[in-house]
Amino acid sequence: ITEADEAGVAQAKNAELVSKVIAALTNDGIAAADINTSGYSLNPRYNYEDGKSPQINGYEVRNAIIVTVRDTALIGKIIDLAVKSGINQVQNISFYAEGSTEQKAKALTMAIEDARVKADVIATALNKKIVGIKSAGGHWYDNAPSPIFYEKMLMAGTGDSAVSTPINPGMVEIRANAEMVYLIN
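When you line the sequence shown up against my numbering, it's residues 258 to 442, in that order.
Everything labelled a hint here was simulated from the structure, so no lab data went into it.
Cβ coordinates follow ideal geometry from the N, Cα and C atoms, glycine included.
Please note: incorrect hints may appear among the correct ones.
[What the hints assert, rightly or not] Taking lysine to any residue and the SDA-like style, the derived pairs with C-alpha atoms no more than 25 Å apart in a straight line are:
1. Lys363 x Lys270
2. Lys385 x Tyr398
3. Lys361 x Ser392
4. Lys363 x Ser298
5. Lys270 x Ser298
6. Lys363 x Tyr398
7. Lys363 x Ala393
8. Lys361 x Lys270
9. Lys277 x Val326
10. Lys361 x Lys391
11. Lys386 x Val429
12. Lys363 x Val429
13. Lys277 x Lys334
14. Lys341 x Gly286
15. Lys277 x Ala330
[To be verified] So the derived label-pair ranges between C-beta atoms look like this:
16. Lys270 x Glu436: 47 to 57 Å
17. Gln360 x Ser295: 46 to 56 Å
18. Asp291 x Asp399: 11 to 21 Å
19. Ile258 x Glu370: 44 to 54 Å
Between the sequences and the hints, there should be enough to build the whole structure, so can you do that?
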């Protein structure tokens, strides 16, 4: 977030700041393709006084970027670098399993196989046979650790500290459910 009395000045300050942050991140090994803009806004700031109409007293620019960090051990270091480079907010740190589509497909296949085993047990107990499938459905999802939010994060001493911001991602769990309706005779 940058602020100034004039919109153009706030915008220029923000462009300079974000460019500096992006340069620092790419110089530290983050691929340019892993740094993406997720939002941009330029808004007036208002001064509110009792009995008077709001008056514009400056402008605020927000430029939100998403940085994909592929090595979770580096997350704290990357946050420290970004703050040292001038950012003043870190929001919504989320964790996702890379290559998770294949893992999700495997989990769904396992859920379908499990449904068939259960259906076979039920059919056998009823002295029946499964002769087909009436309907099938399923879904998968990641059960990632909760996002972490930092508002107006100004970290004192981060720039020269030997200890980086501690971020512990935990495990990303992939789950799948299958809904199967079998035909028996």
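Hints breached by this structure: The structure breaks hints 1, 2, 4, 8, 11, 17; every other hint is satisfied.
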